[in-house]
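K.L.:
These protein sequence lines are chains D and R, in that order.
Numbered by my numbering, the letters in the first sequence go through residues 1 to 535 in order.
Numbered by my numbering, the letters in the second sequence go through residues 1 to 204 in order.
Mixed in with the good hints there might be a few duds.
Distance windows between CB atoms, simulated [to be verified]: (1) R:W21 x D:S308: 43 to 53 Å; (2) D:E533 x R:N85: 50 to 60 Å; (3) R:R11 x D:Y288: 32 to 42 Å; (4) D:L21 x R:V62: 50 to 60 Å; (5) D:S22 x R:S173: 27 to 37 Å; (6) D:I243 x R:A55: 48 to 58 Å.
Think of the hints as simulated: they come from the structure by calculation, not from any bench.
From the three backbone atoms N, C-alpha and C, an ideal C-beta is built for every residue, glycine too.
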Amino acid sequence: MARAGITEGSYLSAEPGRGWLSSWLLTTDHKRIGILYLFSILSFFSVGVVFGFLMRLELIARGPTIMEAATYNSFFTLHGVIMLFLFLIPVVPAVFGNFLLPIMIGARDVAFPRLNLLSWYFYMAGAALAITTLIIGPADTGWTFYAPYSLRTGTSASLAVFAVFVLGISSILTGINFVTTVHRLRAPGMTWFRLPLFVWATYATAWIQIIATPILGVNLLLVIAERLFGIGVFDPAKGGDPILYQHLFWIYSHPAVYIMVLPAMGAVSEIVPVFARRVIFGYKAIAYSSIGIAALGSLVWGHHMFVSGYSYTAAVYFSLFTFFVAIPSAIKVYNWVGSLYKGSIVMDTPFYYALAFIFLFSIGGLSGLILGALSVNVHLHDTYFVVAHFHYIKFGGAAFGFFAALHYWFPKISGRMYNRRVANWALLFLFSGFNTLFFPMFVLGFEGMPRRYFDYLPQYADLQHLSIVGSWILVAALFTMIGNLVVAAYRGKIAPANPWGARTLEWQIPSPPPKENFEQIPEVTRGPYDFREGV
Amino acid sequence: MNGTQSAHSHRDYTGSKIGMWLFLFTEFFLFFGPILLYSIFRFRYPQAFIEASRALDTGVGVFNTVLLLTSSLTMALAITAMQKNKKGLTLILLGATVLAGAVFLVNKYFEWGAKISHGVYPGGEALAGNTDGGAIFYGLYFFATGLHGIHVLAGMCIIIVAALMVHEGRINSKDFVKLENSGLYWHLVDVIWIYLFPIFYLIR
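Modelling step: build the complete structure from the supplied sequences, incorporating the hints.
P.N.:
Written out as structure tokens, the structure reads:
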């Protein structure tokens, strides 16, 4: 085996007394579980991309082209459920949090290794249920499952809702595991303010997962109970109130946006100082702003409901807090950019990806402020402007952050280096494809194109076509990017232990990391971004 | 100091407790949903909620409350007995706890059965066409007590597993955190009932 050379003694080498399959499916090693997540999540991501691609393609001409309206409804539901619950919510915490968090704090594993594996099985069970609905008749409610339509639709909404419930269990267990790990397993000398910022971000995310997910869980159970028994709480015909569903849904689902983007921000906070070769600007500000985003982000859910007819006083309050939540986000952006000042910047692939993240996230964040203003929101609500906004946050932010993390930690995880020229070109096309796809949607939304329609008026045709061409570029770039990494995993050059010259603990051990990470638990004597010579 | 210790033989008493408490928080938040809905609808339909509540049998509710509180006592005693290394007594006390849980569920079965036989259930004839809040009260009643019942059942299973581990000696007077965590879960089931009992049976 060609690989045996670099994997010997590493977490990738065979486990004595276990077959290949059981060494993966029964593993309690946080690194192997991270890899399990990586492969499963990427598979579901590709399915989600296919749905998104086909939805765009349907709009290539007016009227039904490649699918009927009902199919289009199922497609945007599945695209949303898969991308949010199977890809974005778990991706960075479950893959990189699992792989790196214990190493970064100087531990041999997470606090509850077996629970960690159980989380993966819950994830797979939820995913299996979601895919089953695909076969027996996918839900057509949109990923938000709004009552009262979700109570009445004849499609398999109950099963789809239950799938999301099971995925929630997985998310909660991962959150509990990470919080306990950070509190209990830090190496001697690893004080809170010597934690890498990725750990801070994952820690803040874990708290949101613990606090917010159960509310979504019980809300989904209520929808199932409504569908099976008709308990009436969301049903106006029985004196219930569908607006309450929206409240309970967004109490979770708005913080969930931060579950998606915070860990990606954490990854960017790792990459920026390493390639600027200087200590990160405002370490404490970035660390606290993660907690600030987690806290404030839990108080703004009502901005999804400005036109639902709920209390005007509440709307003013939610609008105000929506503006507040921009503050910790902006603190992060300013600190990343500030870290570049007087740094000795090394331009390399992960850094380009991180810069793309900062740019796209800023557009997404600023367009969020436009939507957060009450009067403007009435005009833009449920238009393509919203679609463009959240894709800039979730794809441009969270997913680009994931790609940046993937290119940064790939040599550590696989022990091999990818072709950086191909990766850079892939990023260029990814970036231009993304903007061609989603920027026209801002304009379309402003001109009044409603979201989730499978048809459009003639005046929208030009921008729709531009956007569709963007989706082709984007998909081609994704193929190139992932293909490049797959090739590198088998044939890439052997990577040194610390190819980027980073100072955090995971780069101080061999690549790929040995089975229990450290021969000796390290004694930490310096901060994570201390680039002074000889320290 | 723990440099040579393997991750998998690693045992962290405080860590296990932190994990369990975090999990209990998520369970609290799970019940926060129906209790929040109850508060909102009670505010909206005060009269209908009072009338619907009058139809519930307070006697059975009180009996079930006493039963659960007693079972929490036997659970706590079981942990103390284990700490004092009295294995037989621990098993008896755990058995008493599970028994109390079972009697609770049997009571619940008859209580639900009586309501259902009178057509008082979501979709039942007694509530058909009711839009003044009575249907919502019973919708929430069945949902919340049903969800709680599932937790009682889960708690009983957990205690049975813990009892088996005590029997095998995997939980012993030196390593009893699993028993303590099972106890915490059982107390949670109890505490949730302490909230559900007054809002459905007592506030009139």
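K.L.:
Could you work out which of the previously given hints the structure breaks and list their numbers from low to high?
P.N.:
Structure breaks hints 1, 6.
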